[in-house]
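In order, the protein sequences belong to chains A and B.
Taking the working numbering, the leading residue of the first sequence gets 1, the next gets one more, and so forth.
Taking the working numbering, the leading residue of the second sequence gets 1, the next gets one more, and so forth.
Please keep in mind that the hints were generated in silico from the structure rather than gathered at the bench.
Certain hints may be false.
Ranges of calculated distance between the beta carbons of each label pair, as one might list FRET restraints [unchecked claim]: (1) F340(B) / S141(A): 55 to 61 Å; (2) Q87(A) / L84(B): 47 to 53 Å; (3) L115(A) / L84(B): 42 to 48 Å; (4) R83(B) / Y239(A): 36 to 42 Å.
From the three backbone atoms N, C-alpha and C, an ideal C-beta is built for every residue, glycine too.
Each chain, letter by letter, is given below.
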Amino acid sequence: MLRSLFLFDMTFWLYLAAFALYIAYVFARKPAMQMAAAGHPGGGVSFTTEGDQGWAVQIGQVATIITVFGWMVNTAALFTRAMERMQHSGTFAPWSNQFEAMAYVSWAIILGYVLLEFRYRIKTVGAFVVGIGFIAMGAASLLPYRYQTAEPLVPALNSYWIYIHVSVTLTSYAAFAMAGGLGVMYLFRERAERKGPVTGVMASLPDLETIDELGYKAIMIGFPMLAFGIILGAMWANYAWGGYWSWDPKETWSLIVWLIYGAYIHARMTRGWGGHRAAIYAVFGFLMVIFCFWGVNFLLSGLHAYA
Amino acid sequence: MNGKSEALNGRSGPQAAPKPASGIGWNEVKAELVEFFSSIKLAMFLFLIIAVAATIGTVIQQNERAEVYVKEYGEEAYRWFLRLGWTDIYHTWYFTSLLALLCINSLTCFYQRFPGIWRSMHQDKVSVNLPFIKNLKQTTEMSVAGTKEGVSKGIVQYLAEKGYMVLAKNEPGEATLYATKGIMGRVGAHMAHLSATVIVLGGLIGSLYGFQEFGVCLEGQTYHIPKGSFDLRIDKFWIDYHENGSVKSYNSILTVLEQGQEKVTKTITVNDPLVYKGIWFYQSSYGDAWDQVDVARVNVKDKKTDKILQTVDLQWKKEATLDKLGLKIMLADFVADFGFNSNEKKVYSKSVEHENPAIKLEMAEHTKKSALEATPWIFYHYPDLFDIPGSQYRFELVGYQPRKFTGLQITRDPGVTIVWIGSTMIVVGISLSSFIYHRRLWFKVIPDKQGVTVHMGGTTHKNQIDFNKEFRKLTERIKTINA
Numbered sequence: 001m002l003r004s005l006f007l008f009d010m011t012f013w014l015y016l017a018a019f020a021l022y023i024a025y026v027f028a029r030k031p032a033m034q035m036a037a038a039g040h041p042g043g044g045v046s047f048t049t050e051g052d053q054g055w056a057v058q059i060g061q062v063a064t065i066i067t068v069f070g071w072m073v074n075t076a077a078l079f080t081r082a083m084e085r086m087q088h089s090g091t092f093a094p095w096s097n098q099f100e101a102m103a104y105v106s107w108a109i110i111l112g113y114v115l116l117e118f119r120y121r122i123k124t125v126g127a128f129v130v131g132i133g134f135i136a137m138g139a140a141s142l143l144p145y146r147y148q149t150a151e152p153l154v155p156a157l158n159s160y161w162i163y164i165h166v167s168v169t170l171t172s173y174a175a176f177a178m179a180g181g182l183g184v185m186y187l188f189r190e191r192a193e194r195k196g197p198v199t200g201v202m203a204s205l206p207d208l209e210t211i212d213e214l215g216y217k218a219i220m221i222g223f224p225m226l227a228f229g230i231i232l233g234a235m236w237a238n239y240a241w242g243g244y245w246s247w248d249p250k251e252t253w254s255l256i257v258w259l260i261y262g263a264y265i266h267a268r269m270t271r272g273w274g275g276h277r278a279a280i281y282a283v284f285g286f287l288m289v290i291f292c293f294w295g296v297n298f299l300l301s302g303l304h305a306y307a
Numbered sequence: 001m002n003g004k005s006e007a008l009n010g011r012s013g014p015q016a017a018p019k020p021a022s023g024i025g026w027n028e029v030k031a032e033l034v035e036f037f038s039s040i041k042l043a044m045f046l047f048l049i050i051a052v053a054a055t056i057g058t059v060i061q062q063n064e065r066a067e068v069y070v071k072e073y074g075e076e077a078y079r080w081f082l083r084l085g086w087t088d089i090y091h092t093w094y095f096t097s098l099l100a101l102l103c104i105n106s107l108t109c110f111y112q113r114f115p116g117i118w119r120s121m122h123q124d125k126v127s128v129n130l131p132f133i134k135n136l137k138q139t140t141e142m143s144v145a146g147t148k149e150g151v152s153k154g155i156v157q158y159l160a161e162k163g164y165m166v167l168a169k170n171e172p173g174e175a176t177l178y179a180t181k182g183i184m185g186r187v188g189a190h191m192a193h194l195s196a197t198v199i200v201l202g203g204l205i206g207s208l209y210g211f212q213e214f215g216v217c218l219e220g221q222t223y224h225i226p227k228g229s230f231d232l233r234i235d236k237f238w239i240d241y242h243e244n245g246s247v248k249s250y251n252s253i254l255t256v257l258e259q260g261q262e263k264v265t266k267t268i269t270v271n272d273p274l275v276y277k278g279i280w281f282y283q284s285s286y287g288d289a290w291d292q293v294d295v296a297r298v299n300v301k302d303k304k305t306d307k308i309l310q311t312v313d314l315q316w317k318k319e320a321t322l323d324k325l326g327l328k329i330m331l332a333d334f335v336a337d338f339g340f341n342s343n344e345k346k347v348y349s350k351s352v353e354h355e356n357p358a359i360k361l362e363m364a365e366h367t368k369k370s371a372l373e374a375t376p377w378i379f380y381h382y383p384d385l386f387d388i389p390g391s392q393y394r395f396e397l398v399g400y401q402p403r404k405f406t407g408l409q410i411t412r413d414p415g416v417t418i419v420w421i422g423s424t425m426i427v428v429g430i431s432l433s434s435f436i437y438h439r440r441l442w443f444k445v446i447p448d449k450q451g452v453t454v455h456m457g458g459t460t461h462k463n464q465i466d467f468n469k470e471f472r473k474l475t476e477r478i479k480t481i482n483a
């Protein structure tokens, strides 16, 4: 137990360091690099990442290395916890209570971010998204100690469904967290743009259209995953509770969240819906996810009250 | 109306031909209705309003007793809850109507848009003119060395390698190409639209033809299941514990009997029900029976000296003979929470809690000094409450072992398979539409003095970012197609 808790703790500090470094990176970046869309005919979308100079290069590299290292420690922590669970409770899913679920969500957020960074070469997103991963890990470690240990599972949870239902649902939360972070980033940059030509720190953020599209993409990943997660939950409920749907607060809230993002996906199909409104909506959606994940467990009673 | 239908119907595309206008007739009304019911705005409205209604149902506890609401919210608020149906919101007429509207919405959308997609999979989209290409969202032109045929062939080959479906038209003076990929993304969206109705249909069938009951079953008893025309015997109930004392699992061994013949025996646990002839038996709860015990331990005391003469464990409804004391006693009845109905002169258990347990003895006393028969109630908490007139003895209930019951949920839901079909459709459909995006490209290859000019344009209905990248890569590639 102590070994995994030590690793979780280490993950927390590494994410904190990575978060700080990404913020430093945003500030260190030589702003106002006018790598306008010159070379890209017809495209408003451009990537202004290649132009880092001076300190920004080093800080950016260190930030990435620390993030990847932190993620590896996070992986090791989850793995160790799985082993400990195996000894204590006979199942190994390292997402069997609120604490482990949070640690897993951080893991998924950071993994998503690292993939995004490697694919699109935009490091400034880290200042927002790694921040959420860090906060998730931090919130987990604030839970009382008795929530952090690997207690044996109650009979209702003791099933192979826990491996897939919980992990899929939590991964969708991570995608929505990513979209929420990007939404905040959009609003930051947009505010700066409203005041006139973007200079200074804000200029080092990617342009609005890129942030908007990335946020949309994150939701497009989260949306089918949440649907899958809810349906896996329904299948499990059909085995454990005697019905696939019983309007339990948790399942209802996951449906609410899904409906909220469903409205978003449809809105994006209409012309001109995006940008500012989408960013605010993504932040709102993420707040709803947080309520579904935390609020329901602590505020509403129901069949999911396992925390 | 919106971006999606625009792209689908190709209003700006080659087939854009406005219908001749006429007076208001059925067709116009129908078109208006279809337009309204298939609109994305209605979909968004329904999504959000259902979300709001569902939220109300999670904030206000559902199907509670009236006292609970009155205590928490006050009487006036409770009256409003009743009026609005908020104590059981998921079964109100308006919630059901919202679900029905959602089905109508998605079905109409399917009806209106799917045929267009179907056609576009087979249709000739290659007859376009140059201004059409230049008006697309992504567009570029470049000079390439080579002949019209050679460059066209190169582009077709490259696109085919990338998984595009390509149509080409070679005319004197110009060649036109049309390439498309990812139509499954659109098909997926409509699969998801159909799934809503399938799931609701499954739920409806379940609520019409299914049932859900709760059975309190005692070990060793056999119960008739009328809806399945078979019997169920509960062989055993027990609880397994973890090392630290927390519960590991609740288990019951059930045997299905048909005309006295044993058919199936299965140990059910919380996550592992028994399924027989479409009826599911779930381990749902357990508890101590409130009207039966297995064993009761009774002290027989001398009334005068208050000395314990004998301690005896009485089995349920089995007579015990105490020869030395000249006693025959039987444990005839038990209640967990003693209550007496003075009208019917009946003893009953006020609750299922073991608040005031009592046993009834049937006794026959034949000694030198006394001879009597009696049926006294002996109270666990009040040992001296009733005296048995004429008897030499007093009885004291020291303890008892209540019979455990297992709580079984008994369910049949013929709609569940349909729900799973709908679920598969929704997951596959949304995944297709999220991860595959439909993109279309048009090219005109026009010969000039140096070689050819390639005009290229493309659109996508989403994922602009990846499409832009692909478009740029394609441009680079075509520039050097003959190099």
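These are the hints, each one checked on the structure:
no. : hint                          : verdict
1   : F340(B) / S141(A): 55 to 61 Å : 58 Å, holds
2   : Q87(A) / L84(B): 47 to 53 Å   : 52 Å, holds
3   : L115(A) / L84(B): 42 to 48 Å  : 47 Å, holds
4   : R83(B) / Y239(A): 36 to 42 Å  : 38 Å, holds
In this structure, every one of the numbered hints holds.
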